[in-house]
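*Asks:* Order-wise, the sequence lines are chains A and B. Each residue of the first sequence is one higher than the one before, starting from 1 at the first, in our numbering. Each residue of the second sequence is one higher than the one before, starting from 1 at the first, in our numbering.
Calculated directly from the structure, the hints in this document are not laboratory data. The beta carbon of each residue, even a glycine, is placed where N, CA and C say it ideally should be. A hint or two may mislead.
One-sided excerpt, in silico: chain B residues whose CB lies under 10 Å from chain A [as the list claims (entries may be wrong)]:
{"id": "1", "residue": "W68"}
{"id": "2", "residue": "V226"}
{"id": "3", "residue": "R229"}
{"id": "4", "residue": "H230"}
{"id": "5", "residue": "P233"}
{"id": "6", "residue": "G244"}
{"id": "7", "residue": "V256"}
{"id": "8", "residue": "A273"}
{"id": "9", "residue": "C285"}
{"id": "10", "residue": "L292"}
{"id": "11", "residue": "N297"}
{"id": "12", "residue": "V299"}
{"id": "13", "residue": "L302"}
{"id": "14", "residue": "F307"}
Ranges between beta-carbon positions, derived for each pair [said to hold, decoys possible]:
{"id": "15", "chain 1": "A", "residue 1": "F257", "chain 2": "B", "residue 2": "V154", "range": "12 to 22 Å"}
{"id": "16", "chain 1": "A", "residue 1": "Y37", "chain 2": "B", "residue 2": "P86", "range": "53 to 63 Å"}
{"id": "17", "chain 1": "A", "residue 1": "F26", "chain 2": "B", "residue 2": "P86", "range": "21 to 31 Å"}
{"id": "18", "chain 1": "B", "residue 1": "G70", "chain 2": "A", "residue 2": "F257", "range": "21 to 31 Å"}
{"id": "19", "chain 1": "A", "residue 1": "M115", "chain 2": "B", "residue 2": "Q63", "range": "19 to 29 Å"}
{"id": "20", "chain 1": "A", "residue 1": "G25", "chain 2": "B", "residue 2": "L62", "range": "44 to 54 Å"}
{"id": "21", "chain 1": "B", "residue 1": "N125", "chain 2": "A", "residue 2": "W59", "range": "52 to 62 Å"}
{"id": "22", "chain 1": "B", "residue 1": "N125", "chain 2": "A", "residue 2": "P54", "range": "48 to 58 Å"}
{"id": "23", "chain 1": "A", "residue 1": "W59", "chain 2": "B", "residue 2": "E206", "range": "42 to 52 Å"}
{"id": "24", "chain 1": "A", "residue 1": "M178", "chain 2": "B", "residue 2": "P115", "range": "54 to 64 Å"}
{"id": "25", "chain 1": "A", "residue 1": "L164", "chain 2": "B", "residue 2": "D272", "range": "54 to 64 Å"}
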Amino acid sequence: MLANFTLRLGLAPRFNSYAGLIIVGFFLLVALLSLVYTPYDPVETNLLAKLKPPSATHWFGTDPFGRDTLSRVMAGAAVSVSISLGSVFFALVMGATLGIISGYFGGWLDRVITMLNDAVMAFPGLLLALGLMAVIGPSRIGVVLALSLSYAPSMLRVARSSTLSIKEREFVTASIAMGNNTAWTIVRHVVPHCIAPLLVLATGLFGSALLAESALSFLGLGVPPPAPTWGGMLADSRQLMDRAIWLAIFPGLAISFALLGLNLLGDAVRDALDPRMRGMAPTQATSAGGLKPVTP
Amino acid sequence: MFWYALKRIGLSVPTAVLVTVIVFLMMRAIPGDPVMIILGDNTDAALEAEMRGALGIDQNWLQQYGHWMGRVLTGDLGRSVINQEPVLGLILSRFPVTAQVVLAATLLALLIAVPAGVFAAWRQNTRSDYAIVTAAIVLVSVPSFWIGLMLIWVFSVKWAIFPTFGFESVAESGLSALKYLVLPVIAIVCTEIASITRMMRSTMIEVLRLEYITHAKAKGLSSARVLFRHAFPNAFAPTLTLIGIILGNLLSGAAVIETVFTIPGIGRLLVDAIYARDYPVVQGCLIFIAFLYVIVNLVVDLLYTFFDPRIRF
C-alpha cells in the first residue's frame with residue numbers, strides 16, 4: 001500500500017523515502033491531533049506537579065510550572081509545522097510570481113528584480129530573519145514573514161531560470177501566435193514547467209524553516225511564550241540541566257526527528273523529480289539554524 | 001587572472017552598496033520615532049528639534065542615506081543607544097571571539113569531512129559508504145544547539161570535565177583557553193562534517209565516473225594517486241562554495257551556539273541589541289556580517305580558479 005503510495009507520488013521506492021514519509025506523516029498527525037487533544041493543557045500551570053521526571057502519568061515529565069512536557073512537545077509540533085508550511089508557502093508564492101514575471105518579460109524589469117534579489121541573497125543564513133525580527137518584533141506572523149522573505153530569493157532564482165529556459169520553446173511561441181493573451185500563456189505553459197524544480201526546493205526549505213524557527217524561538221526572537229515551541233522549551237531547559245534533563249532531551253529529539261524526516265523526504269523528492277541532481281547534497285544543514293539550499 | 005580578480009572585486013561593490021540600502025530601509029521601517037525612543041517622555045520641543053538635527057532625520061530619505069553612508073565609509077557606525085560606546089569598537093572587540101570558534105570548527109570539519117567524503121565515494125555502494133552516508137544524514141538533522149546542550153549535560157554537568165560557560169581568548173590566555181573552545185567547536189563540527197561529507201562524496205562520485213580517471217587507473221597509478229592527484233582537485237570546487245555558505249551561516253547564526261555556551265561573540269552582541277532595541281548596534285552588526293559574507297564569497301570565487309584547473313580566466 002505504502003509502496004503504491006510512494007510510487008504514485010513519483011518517489012523512489014527506497015527505504016529512505018518510506019522512512020522520511022512515515023516520520024513527516026507522524027509529525028503532521030501529531031500536529032493536527034494537538035489541536036483537538038493533548039494529555040494535559042500545554043499552557044496551564046500546576047505547581048503541585050512541578051519538575052516531575054518521566055512517569056506513567058507524565059511520559060516526558062513536567063517543567064518548573066508543572067506543565068506536561070509531552071503536551072507541550074505536541075503543541076510545539078503544531079507551531080513548528082504551521083510556521084514552516086506558512087513561510088515556505090509565502091516564499092513560494094512571492095518568489096515564483098516575481099521570478100516568472102522577471103524571466104518572462106526580461107528587460108529593465110528583469111535587471112532591477114535580479115539586482116535586488118542578489119542583494120537580499122547577500123545576507124547569509126539567519127541574518128536577514130534576525131534583522132527582520134528586530135523590525136517586526138517577535139510574533140507568529142513575524143516569524144512567517146521574516147522566514148518567507150529570507151527564502152523567497154532562492155525561489156525567485158529557480159523560477160526565473162526555469163522561465164528563461166522555457167519561454168523560447170515552440171509551444172510558448174505557438175501559444176502567443178494563436179492569439180492567447182500573455183497571462184494565459186504564462187499560466188498554461190510556463191508555470192507547469194517551473195513546478196518540479198520549485199517543489200524540490202520547497203521540500204528542502206521545509207527543513208530549513210523548521211530549524212530556523214526553532215533557532216529563533218531558542219533565542220527568544222520567535223513565537224513568544226507562553227505558546228509552546230521546541231526552541232523555546234530548549235532555551236528554558238538550560239537553567240535546569242542538573243535537575244531536569246528531560247526538559248532538554250524531548251524537545252531536542254522532536255526537532256531532530258522532524259528534520260531527519262524532512263531531509264530524507266527532501267532527498268527522495270529531489271531524486272524523483274530532478275534526476276540530474278541525484279546524489280547531490282540536498283539542503284545543507286548548518287549549525288545555528290541556517291539551512292540553505294546548495295543551489296542558491 | 002589578475003583582470004578576472006579585479007573584475008570580480010568590482011562586481012561585489014554594487015552588492016555591498018545594495019546591502020547597505022536594505023539595512024538602511026529595514027532600520028527606517030521600524031515603527032516609532034527614534035527621537036521619541038531616545039528622549040522617552042521628555043517632550044521639550046526645542047530639544048526634540050535639536051535631536052532631529054543631530055540625528056539628521058529632519059532631512060529626506062535620500063539625504064539621510066547619503067549622510068549615513070558617508071559615515072559608514074569612514075568606519076563610523078554610530079554609537080550604542082544604551083552605553084554610548086562606538087558601534088564599530090563593540091563589534092571589533094566581540095568579533096575575534098566568534099572568529100576563533102567559527103574558524104576552528106570549519107577547519108576541523110574540513111579535516112574530517114573531506115577524507116570521509118572521498119573515502120565514501122571511492123567505496124561507493126559498499127558497507128562503509130552506507131555507514132558514512134547514514135551517519136551524515138542523521139548528523140545533518142541534529143541541530144547544533146541541541147548537541148551543545150547535550151555536551152554540556154554530559155561533559156560539564158555530570159562529569160565536570162569542561163566549564164559550563166565562559167570564554168577566554170586563545171591569543172591572550174594561551175592553551176588553557178582551549179577548554180572553553182572544545183565543546184562549542186564539537187557542537188558545530190558535528191553538523192558541518194555531515195554537509196561537507198555529503199557534498200564531497202557526491203562531486204567525487206561524478207568525477208570518478210569520467211574517462212580520464214579510468215585512463216589514470218589503466219596506467220597503473222596507485223589508488224591514492226588517482227584519488228588525490230587526479231580526482232580530488234576537480235571535485236573540490238563545489239565543496240569550496242559550500243564552505244563559503246557555511247561560513248556565512250555560522251557567522252549569521254553565531255548567536256545560537258554563543259547562547260548555549262554563553263560566549264561573548266558578535267552573535268550575542270546582535271541578539272542582545274535586538275532585545276534592548278539598540279538599533280545602531282543592530283544596524284552595525286547586520287552590515288558587518290553581510291560585508292564579511294560578501295568578502296568570503298569573493299575569496300571563494302577567487303580560490304575557485306586555483307582549485308579547479310578547468311576554470312581559466
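*Asks:* Cβ-Cβ distance between A/F257 and B/V154: within 12 to 22 Å?
*Replies:* holds (20 Å)
*Asks:* Given a hinted range of 54 to 64 Å, is it respected by the beta-carbon distance of A/L164 and B/D272?
*Replies:* With Cβ atoms ~44 Å apart, the hint is violated.
*Asks:* Grab the minimum C-beta distance from B/W68 to chain A and call the hint holds if it beats 10 Å, violated otherwise.
*Replies:* violated (16 Å)
*Asks:* With respect to the beta-carbon atoms only, verify the hint that B/G70 and A/F257 lie 21 to 31 Å apart.
*Replies:* violated (52 Å)
*Asks:* I want to verify a distance hint. Is the separation of the beta carbons of A/M115 and B/Q63 within 19 to 29 Å?
*Replies:* This hint holds: roughly 23 Å between Cβ atoms.
*Asks:* Holds or violated: is there a CB of chain A closer than 10 Å to the CB of B/V256?
*Replies:* holds (5 Å)
*Asks:* Identify whether the interface hint at B/A273 stands, where standing means a beta carbon of chain A within less than 10 Å of its own.
*Replies:* holds (8 Å)
*Asks:* Hint says 54 to 64 Å; check whether the CB-CB distance for A/M178 and B/P115 agrees.
*Replies:* Distance hint for A/M178, B/P115 holds at roughly 58 Å.
*Asks:* Starting from the hint 42 to 52 Å, judge whether the C-beta atoms of A/W59 and B/E206 obey it.
*Replies:* holds (47 Å)
*Asks:* Go through the hint on B/V226 and say holds or violated, using the shortest Cβ distance to chain A against 10 Å.
*Replies:* Because about 20 Å separates B/V226 from the closest Cβ in chain A, which is outside the 10 Å limit, the hint is violated.
*Asks:* Hey, does the B/R229 contact hint survive, CB to chain A under 10 Å?
*Replies:* violated (23 Å)
*Asks:* Verify the CB-CB distance for A/F26 and B/P86 against the hinted window 21 to 31 Å.
*Replies:* violated (52 Å)
Of the numbered hints stated above, those contradicted by the structure are hints 1, 2, 3, 4, 5, 12, 13, 14, 17, 18, 21, 22, 25, listed in ascending order.
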